[in-house]
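Enquirer: What follows is each chain in one-letter form.
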Amino acid sequence: MYKIAKSNLPELYKAIAGSKELYLPLENAGQVNFGPWSEDCTPDIETLKSVKSPKDVFFPQSENLYTCQKEGKNIKIDPEKLKDQDFVVFGMKSCDVKGVEVLDKVFLADPIDTYYAARRDHGIIVAMACHEPEESCFCKVFGIDAADASSSIADVATWMIGEDLYWKPLTEKGEALTSELSGLLSSDGDENKVEEEKQAITAIINKLPYSDLSLEGWDGDHFEEKFNATNWEELYKPCLACGTCTFVCPTCQCYDIKDYNTGNGTQRYRCWDSCMYSDFTMMAHGNNRNSQMQRFRQRFMHKLVYFPTNNDGMYSCVGCGRCVEKCPASLNIVKVIKNFGGDK
Amino acid sequence: MQELVNRAKELLADGTVSRVLGWKAGDMSYNPEPAYFNSAEELENFVYDGFCGANLSKYMIEASKLEGKTLVFLKPCDTYSFNQLIKEHRVDREKAYIIGVGCKGKLSVENIKAQGIKGIESIEGAGMNDGCDTLTIKTLYGDKTCSYNDAMLERCHVCKGKEHQISDEVMLESRDTKDAERFAQVEAIEAMTPEEKFAFFQKELSKCIRCNACRNVCPACSCRKCVFDSTKYDTAQKANVTSFEEKMFHIIRAFHVAGRCTDCGECSRVCPQGIPLHLFNRKFIKDIDTFYGEFQAGEDTESRGPLTNFTFDDVEPSIVGERG
Chain A
704 MYKIAKSNLP ELYKAIAGSK ELYLPLENAG QVNFGPWSED CTPDIETLKS
754 VKSPKDVFFP QSENLYTCQK EGKNIKIDPE KLKDQDFVVF GMKSCDVKGV
804 EVLDKVFLAD PIDTYYAARR DHGIIVAMAC HEPEESCFCK VFGIDAADAS
854 SSIADVATWM IGEDLYWKPL TEKGEALTSE LSGLLSSDGD ENKVEEEKQA
904 ITAIINKLPY SDLSLEGWDG DHFEEKFNAT NWEELYKPCL ACGTCTFVCP
954 TCQCYDIKDY NTGNGTQRYR CWDSCMYSDF TMMAHGNNRN SQMQRFRQRF
1004 MHKLVYFPTN NDGMYSCVGC GRCVEKCPAS LNIVKVIKNF GGDK
Chain B
143 MQELVNRAKE LLADGTVSRV LGWKAGDMSY NPEPAYFNSA EELENFVYDG
193 FCGANLSKYM IEASKLEGKT LVFLKPCDTY SFNQLIKEHR VDREKAYIIG
243 VGCKGKLSVE NIKAQGIKGI ESIEGAGMND GCDTLTIKTL YGDKTCSYND
293 AMLERCHVCK GKEHQISDEV MLESRDTKDA ERFAQVEAIE AMTPEEKFAF
343 FQKELSKCIR CNACRNVCPA CSCRKCVFDS TKYDTAQKAN VTSFEEKMFH
393 IIRAFHVAGR CTDCGECSRV CPQGIPLHLF NRKFIKDIDT FYGEFQAGED
443 TESRGPLTNF TFDDVEPSIV GERG
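So the protein lines, in turn, are chains A and B.
Take the first sequence: its letter number 335 is residue 1038 in the working numbering, and every next letter is one higher.
Take the second sequence: its letter number 128 is residue 270 in the working numbering, and every next letter is one higher.
In short, the hints are calculated from the structure, not lab data.
There could be a bad hint or two in this list.
As the list claims (entries may be wrong) - Restraint ranges, calculated between C-beta atoms of paired labels, are given here:
(1) 181(B) / 990(A): 30 to 38 Å
(2) 990(A) / 460(B): 41 to 49 Å
(3) 186(B) / 811(A): 33 to 41 Å
(4) 769(A) / 372(B): 23 to 31 Å
(5) 731(A) / 443(B): 39 to 47 Å
(6) 1046(A) / 289(B): 28 to 36 Å
(7) 787(A) / 322(B): 51 to 59 Å
(8) 373(B) / 739(A): 41 to 49 Å
(9) 962(A) / 445(B): 29 to 37 Å
Note that CB positions come from ideal geometry on N, CA and C, so glycine has one too.
All chains, full assembly: derive it from the sequences and hints.
Expert: Right under this line is the structure:
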C-alpha cells in the first residue's frame, strides 16, 4: 500500500502529465466535470460526483471518424488517427469504472469499435473510493463496491483518508504507473487505515435510502410483462423529452452518425444520441418509436431488461444516481423500479 | 396544502374538471414531480411545498388536447407563462380551471448542496404552513440547517410579484421574496469589456452538454418541431462542430423567445450544468424595456408584443449598432 499527502497531489498530477495525458475532475464555472489537466486547471477531487460521468474520456460526446476531401476528380479519405498514447483517468468512482465495463460489452464485442478499443488500450484507470456516499447513490443494488475498486477493471485503487491519499496498484498497467511515480509515493501506507475507511464507507452505503431496491423481475423472463405494463402510460407523463439523463449517464452508449459539410468535403462524425429525442433511430420508413411513452420505456427496458438479457445478467445501470439528481422533472430509474414494486 | 387537495376533490366530484395537474410527492423530501391526478385516491399523493418549482403551464399544451377541463395549479410566476401561451394560441383557456396558488419562494436542492450539505435524508421547513425561515436538514453526516432564502432559486430573489395574472380562484398565502434587483446581474455583464463578456459566456456555455432541457422546459419554446431537431435541413445540432458551438444554440434560442420570455427562470432551474441561461433572456427584456417602454410578457393575453408591433415612436434599428 502506497500513500501520498493530499497536499502533494499537484506534484503527482504534474508528474503524470509530464509523460501522459491526464484526465481528472476539474472545477469550471461552479461545476465539476472530468477534463484534461493543464497548468492553470482547478482539480476538485472532494466533490463526489462529476456532473457528466467520465465516460467521454473513452467515448467522447462527439468525435470525427473520417474526413473526405475533393481533390480534382478524386476524393481523398482521411480516417481519424486512433489514440496511440497512454493516458490516465484519475479519480473515477467504482460506479463509473463499472460503467466502462458496460461500454466494453458494447464496443469491444465483434465487430470491435477501433476508436473505442484504442482508447481502452491506452487508458489507465485510477479509481477512487467514495469517501462520503450520497443519498442518490445506489451502486450496491448492482453489486458494485464504492469502498473498494480492487475487484473492478481499474488499474489502481485509491482512498482519501484524512490528509493522505492511499494508493494500491491492481494491474500491470497500474504497477508500471506506480513505479513511474515512485519518487512521490511512499510505500508505507497503513493497510489498517484503508480497512477502517472501507468499513466506514460500507456502513454508510448500507444506510442509503436506495440501497435496498429490489431488481426482482427485471430480466428477460419478464420481458413481455414489463414491456406491456400499463405503468409506463403514467410514468412517462412528466418527462420533458430532454436528454439530461442519457448525457450524464455513465452507461448510455447510443450514438448518431452525421456528416458535416466542410465546404469542399465532408467530416463524418458520431455524437451521443438520446432515446429521449424524437428522431432517435429515425429510419427511411419513419420511426419505430413514435411516442414519448415508447421512447421513455425504451430507456429503462434497455438498462434493466434488454442489456442484462444479452450480457449474462449485467445491468446497464450502475446506480451512480446522476439522473436522480439531474432530471428536470425529478423522474428517474429509481422511481421506475419502485413503481413496479421494487421498493422492499 | 390539504385545502388544495380538498378543493381538487370537490372540483373532480362535481364534474367541473376531469383531471388535476399538480405535483406528486417524490421519494425524497426534495423531488416532487409534475403529475396528473384522475381521482380522489390519486390525490392522496398530491404535494405542494417549496420544492414544487416546476412551472406547469407548458404541460397545459398537451392537457388542452384532452377531453374535459384540467384543473391546474399555477404559482404567480407561472400565470405569466400561461397568459403568453394563450396569446400564442398554444393552450385553450376553456380547457383550464386555474387555481392560483400562493408562493413563499421555491427552493433548489442544488443551493443546499452547494453549502456542503450532503447525504440528505429529510428536509423540514419547506411546507406552505412553515415559517419559511430555516430548513432543518437531517443527513447521513449529522443534522444541518440552512436559511430558506439561501436555498431559494435565483428567480425568487428577483420575484415579479405574488399577484396571479390569470386564475379562476386563488388559494394559500404568499410571502414577499424579492431581495435583489432584477437587472443587477445583467448590468454587471454590460459593464464588462467585450473580451471579458466573451470569456464569461465561453466559460459558462462551454459546460453545455446539449441536453436541451432548457428548451424543452421553456414555455416560450413550443414549436412542434424545433429547427435544431430537424433532419431535413443542415440545422440539426446534436453535437458541436467547434468547441464553442453551444453559443449558437443558446443565442438563437434567446433571440427566438425575445419579447415572449416571461423570465420564469425555468431554463436556469433545470440546467444540469448550472449555466445562468436566464441572463440572455433578461438582457433582451432589459433592452426591450429601454427601447420600447416597460413591457412584461404574459401580463395579459391580448396586447401585441413590442417586437411584433409597429409604432412611429419605435427606435430606429441603428440605435443598437450605435450603442456598440
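Enquirer: At the C-beta level, are residue 769(A) and residue 372(B) separated by a distance inside 23 to 31 Å?
Expert: For residue 372(B) against residue 769(A), whose Cβ atoms are near 25 Å apart, the range 23 to 31 Å holds.
Enquirer: Just tell me: holds or violated, for the beta carbon distance of residue 731(A) and residue 443(B) against 39 to 47 Å?
Expert: 42 Å, holds
Enquirer: 30 to 38 Å was suggested as the range; check whether the CB atoms of residue 181(B) and residue 990(A) agree with it.
Expert: Holds - the Cβ-Cβ distance for residue 181(B) and residue 990(A), about 34 Å, lies within 30 to 38 Å.
Enquirer: Per the hint of 33 to 41 Å, is the separation of the Cβ atoms of residue 186(B) and residue 811(A) within bounds?
Expert: Cβ of residue 186(B) to Cβ of residue 811(A): about 49 Å, so the range 33 to 41 Å is violated.
Enquirer: Do the Cβ positions of residue 373(B) and residue 739(A) conform to the proposed distance bound of 41 to 49 Å?
Expert: Violated, since residue 373(B) and residue 739(A) (Cβ atoms, about 33 Å apart) do not stay within the stated range.
Enquirer: Verify the CB-CB distance for residue 990(A) and residue 460(B) against the hinted window 41 to 49 Å.
Expert: 47 Å, holds
Enquirer: A range of 51 to 59 Å was offered for this pair. Does it hold for the Cβ distance of residue 787(A) and residue 322(B)?
Expert: Check passed, 53 Å falls within 51 to 59 Å.
Enquirer: Given the range 28 to 36 Å, decide if the beta-carbon distance of residue 1046(A) to residue 289(B) lies inside it.
Expert: 33 Å, holds
Enquirer: With 29 to 37 Å as the target window, see if residue 962(A) and residue 445(B) comply at their CB atoms.
Expert: With Cβ atoms ~45 Å apart, the hint is violated.
Hint check: violations occur at hints 3, 8, 9; the rest are consistent with the structure.
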